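A.B. asks: Given next are the chains, with one letter for each unit.
There are 2 protein chains.
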Amino acid sequence: MAVIAILGYGTVGSGVAEVMRSNKDIIESKAEQPIDIKYVLDLRDFPGDPVQDIITHNYDDILNDGEVELVVEVMGGTNPAYSFVKSALLSGKSVCTSNKELVAAHGAELMRIAREKNVNFLFEASVGGGIPIIRPINRSITSDRIEAITGILNGTTNYMLTKMETEGIDYDQVLKDAQEKGYAERNPAADVEGHDACRKIAILASLATEKTVNYEDIYTEGITNITTIDMLYAAKLGGTIKLLGKAGFEDGRVWARVSPALVKNDNPLSMVSDVFNAILLKGNMLGDVMFYGRGAGKLPTASAVVSDIVDAVRHKNINLGIKWSEEKQEIMDIDDVNVSKLVRVEYSDKDMAVSFVKKLFKTEDILETEEAYDEFAFVTDRAKESNINARLEELLNCDGINGILNTIRMEG
Amino acid sequence: MAVIAILGYGTVGSGVAEVMRSNKDIIESKAEQPIDIKYVLDLRDFPGDPVQDIITHNYDDILNDGEVELVVEVMGGTNPAYSFVKSALLSGKSVCTSNKELVAAHGAELMRIAREKNVNFLFEASVGGGIPIIRPINRSITSDRIEAITGILNGTTNYMLTKMETEGIDYDQVLKDAQEKGYAERNPAADVEGHDACRKIAILASLATEKTVNYEDIYTEGITNITTIDMLYAAKLGGTIKLLGKAGFEDGRVWARVSPALVKNDNPLSMVSDVFNAILLKGNMLGDVMFYGRGAGKLPTASAVVSDIVDAVRHKNINLGIKWSEEKQEIMDIDDVNVSKLVRVEYSDKDMAVSFVKKLFKTEDILETEEAYDEFAFVTDRAKESNINARLEELLNCDGINGILNTIRMEG
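Chains as they are written, first to last, in this note's numbering: chain A, 24 to 435; chain B, 24 to 435.
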């Protein structure tokens with residue numbers, strides 16, 4: 024019998040309790056023992072709820088109860104989650120969490136403490152919601168040099184971009200729709216500015232490098248500048264625009280960024296629509312493998328948390344040995360990473376503008392769309408971001424050019 | 024240090040040696056120890072090959088060498104693989120295999136012996152080649168009731184169907200092309216008749232039920248009757264035709280089948296093209312998750328085998344407890360499974376034919392294509408396969424109907 028406690032009875036916390044109730048037989052069979060939720064920590068009471076009698080408002084009840092071998096942290100945020108989790112690990116309890124902020128900010132330290140105490144710190148639900156990705160990276164992709172990880176890591180923005188693409192609805196309206204449906208928060212910055220995806224790619228990059236990729240070092244650009252006109256050009260190029268978190272690993276150098284990118288239709292990520300997430304891994308032997316599913320939502324996320332509970336309970340006092348040290352992983356300056364961009368140009372004189380573009384960017388292909396006037400688009404050659412940007416500056420000073428309307432990185 | 028032996032130096036066997044050489048540092052770090060390939064068993068010699076000095080022609084050299092803790096079986100077929108693997112396990116050596124015939128035919132028994140001997144029998148590469156699927160089912164999807172597993176499990180047929188769809192090339196020609204490219208054998212029956220996919224869905228269904236689903240009990244239909252005209256109707260319905268292995272688990276009843284199916288474009292399996300494979304799992308909490316990648320090929324398959332080697336070496340004398348017993352899982356008669364079918368009808372009198380179809384199959388939608396004369400298609404209602412088939416028999420006797428040209432199950 025394993026005795027556990029849940030910290031936080033919000034969406035994910037109540038989902039964990041529901042999954043544990045609904046699939047009790049399966050879960051206890053896989054865990055090879057009964058699992059008892061002895062406490063749920065929350066500031067609120069929940070009269071009438073199945074957990075009403077096990078609610079506590081005092082974390083010390085859990086921390087000081089030697090029977091509790093596992094703490095499930097599903098509060099979100101780093102305060103007080105960090106101090107709660109740290110003290111649980113230090114007192115020899117395993118921790119399972121869905122908290123990407125906590126894992127991105129303190130994962131390596133918490134994993135070290137778990138190792139020292141011979142318990143586990145598991146976080147399958149912190150990236151990709153219900154999609155199995157952390158455990159596959161740690162335990163399935165063990166014979167490959169990972170060359171790249173590319174993910175659609177945020178369901179809210181993917182829903183919005185899908186809607187912009189398929190229904191031609193403007194960003195502002197689609198954001199309102201996402202907020203009404205409960206996909207986006209009233210303050211949507213964490214999603215639309217890319218901060219959520221940034222923490223997730225930081226976690227994945229850290230697992231791949233086995234060092235700490237600091238999320239604050241990762242260049243992060245959201246989707247707030249994406250328009251339905253951009254989508255039309257993407258379609259002309261046989262692709263669509265996705266918010267990608269990407270990390271590359273080549274010749275010992277590591278880079279990472281979050282930004283919108285034009286994904287061609289032959290890339291399996293192009294097919295990931297609505298609130299779905301997917302993570303594409305490139306291994307030097309495996310080639311491409313992709314993991315696809317629901318990146319958020321109460322029950323899918325809770326299911327991933329409970330799969331960690333099963334794992335932790337089966338491995339009581341056996342540390343699973345996830346390799347992710349506190350050593351800092353230096354990452355390349357984004358300016359030094361090679362890139363190619365779709366560029367939208369507003370012109371006053373089309374012929375002059377086109378001839379400067381062809382000269383500066385070695386391209387013959389000029390794209391136009393009936394839905395936009397006095398502009399065209401082109402795809403740059405592939406070069407260091409700083410070099411591309413310098414030439415774009417130069418282009419701005421050319422006669423016939425009014426301005427640059429948008430630039431979007433090409434994926435691949 | 025772990026000492027291992029490889030049985031068979033064909034495509035996968037030489038791939039295993041290559042992956043072990045190329046990614047030695049990563050593999051030994053994940054395995055937390057050096058791994059030494061002491062023997063390679065093959066009937067042939069390989070002068071000039073890196074393994075030339077460790078080739079043996081006598082399995083007893085391996086079996087009787089107490090240093091060898093792990094045997095990698097990549098010969099294929101059940102004879103002599105079965106007796107080799109069984110004797111290895113009985114003598115306390117773990118086994119990793121890519122051999123789907125062996126796993127489908129003898130998996131449960133071999134797993135029992137591994138349990139009894141406190142070693143491991145692992146088979147990640149037997150389904151989906153390089154795609155992590157066996158380990159995720161066993162260790163990640165541990166909190167869900169699996170409701171369905173649907174897979175594109177054979178790369179050869181998926182390549183052929185993709186080519187028929189996108190290039191409008193006939194079956195016979197596309198088979199020839201696949202044979203020339205080395206994707207299909209000279210005798211292509213195992214692929215095109217669905218036998219390969221059948222063994223793979225039997226393995227996945229056995230893992231899901233934790234009992235033995237006998238592959239010989241699974242209704243299996245290949246792609247030999249699929250035509251480019253079928254593809255045109257599929258496109259009209261917003262879908263494509265895929266060879267699916269599918270198992271359903273509902274209310275304690277289990278069914279499984281392999282057959283071509285019309286997959287609508289909103290199903291992520293529709294996007295899996297060329298030689299790629301994918302497995303879509305539906306969990307009662309998770310919803311849909313999909314695993315996508317290269318289902319065959321030397322290095323991807325070898326990578327999956329080596330991930331098993333890493334796992335087995337890390338768990339020396341710790342059985343990983345895969346639940347799949349020798350108890351037989353009864354499966355439903357395919358006639359009792361609910362299905363809906365696309366039906367192509369050849370008529371002598373269109374109006375009469377249409378009116379009989381509408382009366383018998385509760386459908387208003389009659390599909391026609393310019394590329395075919397004297398025929399139309401329709402989609403039946405959803406009912407037991409036996410009921411649908413009985414009504415199709417009835418239709419054949421109606422005036423105005425010349426015959427039924429093809430029937431293809433609708434997925435979902």
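No wet-lab data here; the hints were simulated from the structure. There may be inaccurate statements among the hints.
Same chains, same label: a pair holds when it works inside one copy or across any pair of copies.
What the hints assert, rightly or not - Quick list of in silico lysine-lysine cross-link-like pairs, DSS-like style, CA-CA up to 27 Å:
hint, residue 1, residue 2
1, Lys-346, Lys-204
2, Lys-321, Lys-305
3, Lys-382, Lys-199
4, Lys-61, Lys-234
5, Lys-407, Lys-339
6, Lys-259, Lys-382
7, Lys-234, Lys-382
8, Lys-385, Lys-305
9, Lys-351, Lys-47
10, Lys-287, Lys-186
11, Lys-186, Lys-407
12, Lys-287, Lys-259
13, Lys-407, Lys-385
Being a predicted model, the structure only gives us computed values, none of them experimental.
A.B. asks: For each hint, tell me whether it holds in the structure or not.
C.D. replies: Each hint tested on the structure:
no.	hint	result
1	Lys-346 - Lys-204	neither (39 Å within a copy, 41 Å between copies)
2	Lys-321 - Lys-305	between (29 Å within a copy, 16 Å between copies)
3	Lys-382 - Lys-199	neither (42 Å within a copy, 47 Å between copies)
4	Lys-61 - Lys-234	neither (36 Å within a copy, 33 Å between copies)
5	Lys-407 - Lys-339	neither (49 Å within a copy, 48 Å between copies)
6	Lys-259 - Lys-382	within (23 Å within a copy, 45 Å between copies)
7	Lys-234 - Lys-382	neither (43 Å within a copy, 67 Å between copies)
8	Lys-385 - Lys-305	neither (29 Å within a copy, 48 Å between copies)
9	Lys-351 - Lys-47	between (41 Å within a copy, 24 Å between copies)
10	Lys-287 - Lys-186	both (18 Å within a copy, 19 Å between copies)
11	Lys-186 - Lys-407	neither (32 Å within a copy, 37 Å between copies)
12	Lys-287 - Lys-259	both (10 Å within a copy, 24 Å between copies)
13	Lys-407 - Lys-385	within (15 Å within a copy, 61 Å between copies)
Violated hints, listed in ascending order, are 1, 3, 4, 5, 7, 8, 11; each of the other numbered hints is respected by the structure.
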